[in-house]
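Colleague: So the protein sequences, as listed, match chains A and B. Numbering follows my numbering, in which position 15 of the first sequence is assigned residue number 15; successive positions increment by one, without gaps. Numbering follows my numbering, in which position 219 of the second sequence is assigned residue number 219; successive positions increment by one, without gaps.
Take these hints with a grain of salt, some might be off.
What the hints assert, rightly or not - Distance condition first, Cα-Cα at most 30 Å in a straight line; then the derived DSSO-like pairs of lysine-lysine:
1) A:K252 to A:K46
2) B:K146 to B:K51
3) A:K132 to A:K225
4) A:K132 to A:K168
5) A:K252 to A:K168
6) A:K26 to A:K225
7) B:K222 to A:K252
8) A:K219 to B:K146
9) A:K163 to A:K141
10) A:K219 to A:K46
11) B:K146 to A:K225
12) A:K252 to B:K215
13) B:K51 to A:K219
14) A:K168 to A:K195
15) A:K132 to A:K26
What the hints assert, rightly or not - Far from chain B, some chain A residues (derived; all Cβ distances over 12 Å):
16) K15
17) E96
18) R120
19) Y135
20) P136
21) V143
22) D181
23) D187
24) A194
25) G230
26) G231
27) V245
28) Y248
29) K252
As the list claims (entries may be wrong) - Restraint ranges, calculated between C-beta atoms of paired labels, are given here:
30) A:D54 to B:T52: 39 to 49 Å
31) B:T52 to A:D43: 37 to 47 Å
32) B:L160 to A:N178: 52 to 62 Å
33) B:I61 to A:D43: 46 to 56 Å
34) B:R214 to A:G118: 19 to 29 Å
35) B:F35 to A:K51: 51 to 61 Å
36) A:R255 to B:P168: 36 to 46 Å
37) B:R150 to A:S90: 41 to 51 Å
38) B:S208 to A:R211: 54 to 64 Å
39) B:F217 to A:D102: 30 to 40 Å
40) A:R255 to B:E67: 49 to 59 Å
Derived by calculation from the structure, the hints in this document are not laboratory data. Given the structure is predicted, the values throughout are model-derived calculations rather than measurements. Using N, Cα and C, we set each Cβ at its ideal position, and we do this for glycine too.
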Amino acid sequence: MATSDIQLSAVISAKNEERQLADCLKGLTFADEIVVLLDQCTDGSKAIARKFTDRIVEGAWPIEGERRNTAISACRGAWVLEVDADERISDGLAEEIRRIVDTTAYDWHEIPVDNYIGGRLVRWGWGASYGKAAYPGLFRKGVKTWGHFRVHPALTWAPGARKGPMLKNRVKHLVDRNISDMIRRLDSYSTARAKDLRESGNIGSMAANVRRIFSRFFKCYVLRKGYREGGYGFLIALFAGLYPVLSYLKAKLERDGD
Amino acid sequence: MKGGHRSSDRVRLSALVVARNEEARLADCLSGLAFADEIVIVLDRCTDGSKTIAGQFTDCIVEGAWEREGDRRNAGIAACHGRWILEIDADERVPGPLADEICNLIEQTDFDIFDVRVDNYVGGQLVRHGWMAAIGTIAAPRLFRKGVKRWGPERVHPHLHVEGRQGPRLGNAIVHLAANNISDLLLRLDRNTTWRARDLAERGEVGSFPDMVRKIFSRFWKCYVLRGGYREDGLGFVIALCAALYPVIAHLKARLEPAE
Chain A
1 MATSDIQLSA VISAKNEERQ LADCLKGLTF ADEIVVLLDQ CTDGSKAIAR
51 KFTDRIVEGA WPIEGERRNT AISACRGAWV LEVDADERIS DGLAEEIRRI
101 VDTTAYDWHE IPVDNYIGGR LVRWGWGASY GKAAYPGLFR KGVKTWGHFR
151 VHPALTWAPG ARKGPMLKNR VKHLVDRNIS DMIRRLDSYS TARAKDLRES
201 GNIGSMAANV RRIFSRFFKC YVLRKGYREG GYGFLIALFA GLYPVLSYLK
251 AKLERDGD
Chain B
1 MKGGHRSSDR VRLSALVVAR NEEARLADCL SGLAFADEIV IVLDRCTDGS
51 KTIAGQFTDC IVEGAWEREG DRRNAGIAAC HGRWILEIDA DERVPGPLAD
101 EICNLIEQTD FDIFDVRVDN YVGGQLVRHG WMAAIGTIAA PRLFRKGVKR
151 WGPERVHPHL HVEGRQGPRL GNAIVHLAAN NISDLLLRLD RNTTWRARDL
201 AERGEVGSFP DMVRKIFSRF WKCYVLRGGY REDGLGFVIA LCAALYPVIA
251 HLKARLEPAE
């Protein structure tokens with residue numbers, strides 16, 4: 001396909017995602033091209049990616065923002081759909097995306113998200129560190145740039161880029177399989193966040209991070225109505241609350257490579 | 001005693017190690033147990049190099065598959081020939097002074113079972129205060145006459161059944177390499193709560209959610225304040241947190257995630 005014919009690129013960054021990748025890529029075949037970035041993959045991710053596309057970028061990116069920027073820059077389409085390996089695009093969402101790309105006057109759109117733990121849809125109580133309510137996954141190439149943090153990098157938008165209305169159909173986000181996965185995610189996110197904190201030179205204070213246990217728990221469990229989700233809502237709020245203090249303590253007490 | 005013909009009455013002290021895929025730590029542990037008259041090793045479903053390492057230290061090896069920690073430990077105790085048994089885990093070390101103390105003690109004591117102190121290390125740091133059994137114990141009845149101690153059937157932290165007279169606590173401590181870092185403590189919390197959840201589900205006693213939430217605060221207070229975890233810088237906070245969250249996480253795993 002000539003570059004000028006590529007209206008929509010679907011892009012995914014993966015690090016050892018053989019378990020998820022095929023399911024995710026199956027839902028992206030509606031795009032004009034699929035770009036897969038493989039970051040330090042040592043499993044079967046590459047063989048799986050090859051079945052769906054020849055647009056594969058391989059390498060090692062310690063910073064998530066840089067990895068995502070590299071993946072986006074490899075896209076040739078006028079529009080980019082950015083998806084993670086643990087997200088699934090339904091047929092209805094795919095149709096809506098094609099329609100938006102054909103007709104919109106805006107430069108980027110948010111896609112609403114349904115977050116799942118195991119087979120269970122968990123709608124309420126998410127903190128930004130774990131599940132997300134919506135994300136700006138559909139955008140014209142060149143308008144979106146990721147920041148430099150390892151976890152949850154900030155986004156910057158090109159000057160004048162206009163945000164359009166949110167899509168109607170939802171991405172299915174398979175956040176975790178079970179509570180063990182949730183604990184391991186808390187562990188790996190706080191380890192990565194500790195590295196960012198050490199690099200920034202300002203890790204904060206114990207007192208402020210202890211207060212955040214309660215304020216973040218309250219935000220997720222009460223304000224965002226996590227209590228409606230029973231035990232999972234409790235754990236989401238608990239782990240969202242513990243994420244800052246664990247990151248702080250890892251940054252303070254441990255060094256890289258420990 | 002390695003390789004020799006063994007008559008039970010000549011074996012004074014058996015050192016018992018129960019291991020599952022512990023090749024990284026086993027050699028260090030076993031090399032500190034040469035003071036015992038025999039070393040007995042239970043290998044539970046080992047798929048790594050544990051057996052090869054064990055074979056360098058003893059020919060008393062019991063292999064098998066035990067789903068429950070209590071059963072596994074009882075099998076190990078049954079395989080010991082010694083009149084006395086010292087139970088040590090692969091992540092523990094017996095320093096020379098403790099070995100001397102044990103050898104002297106069992107020559108002369110009238111008691112049947114002794115608590116041995118445990119010094120828990122996180123990374124290279126000795127963390128003295130703020131522990132709770134669910135995460136790391138500070139003393140345990142590891143030295144006992146054969147027949148005096150039997151483990152219960154629970155998967156994690158099985159109960160003990162003891163019939164005998166308890167002696168005074170030993171002066172020297174076992175070195176327990178509890179965790180390398182905070183990640184290890186969190187992963188230990190995950191592992192132990194998964195086992196605990198299976199025990200709870202099996203007994204049909206998962207408890208009530210409000211009780212488990214109250215325990216977050218009471219257990220944190222116990223570890224961090226009453227047991228002095230606050231003295232251990234931030235690690236005491238993490239240990240208290242893990243101890244505090246252990247009941248509620250086990251409860252929720254048992255209730256929300258039946259074992260597949």
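Colleague: Is the straight-line distance between the alpha-carbon of B:K51 and that of A:K219 30 Å or less?
Modeller: Status violated; Cα separation ~51 Å.
Colleague: Range first: 54 to 64 Å. Now tell me if the beta carbons of B:S208 and A:R211 are that far apart.
Modeller: 29 Å Cβ-Cβ, so the 54 to 64 Å window is violated.
Colleague: Against the range 36 to 46 Å, how does the distance between the Cβ atoms of A:R255 and B:P168 compare: consistent or not?
Modeller: holds, 41 Å
Colleague: Just checking, A:D187 versus chain B, shortest CB gap more than 12 Å?
Modeller: violated, 5 Å
Colleague: For the pair supplied as a hint, B:K146 and A:K225, confirm whether the alpha-carbon distance does not exceed 30 Å.
Modeller: Not OK: B:K146 and A:K225 at ~56 Å, beyond 30 Å, violated.
Colleague: Would the pair A:K132 and A:K225 pass a check requiring their Cα atoms to be no farther apart than 30 Å?
Modeller: At roughly 14 Å apart (the allowed maximum being 30 Å), A:K225 and A:K132 satisfy the hint.
Colleague: The output says A:Y135 does not contact chain B. Does that hold with a beta carbon cutoff of 12 Å?
Modeller: holds, 27 Å
Colleague: Against chain B, does A:E96 hold up as non-interface, every C-beta pair farther apart than 12 Å?
Modeller: holds, 33 Å
Colleague: Assess, step by step, whether the Cα of A:K252 is no farther than 30 Å from the Cα of B:K215, and give holds or violated.
Modeller: holds, 28 Å
Colleague: Run the distance test for A:K132 versus A:K26: straight-line Cα separation, threshold 30 Å.
Modeller: holds, 23 Å
Colleague: A:G230: least C-beta distance to chain B exceeds 12 Å?
Modeller: Check fails; 8 Å does not lie beyond 12 Å.
Colleague: Holds or violated: is the Cβ of A:D181 farther than 12 Å from all Cβ atoms of chain B?
Modeller: Its Cβ does come within 12 Å of chain B, the nearest being 9 Å, so this is violated.
The structure fails hints 1, 5, 6, 8, 10, 11, 13, 14, 18, 22, 23, 24, 25, 26, 27, 28, 29, 31, 32, 33, 37, 38, 39, 40 (numbered hints given earlier, in ascending order).
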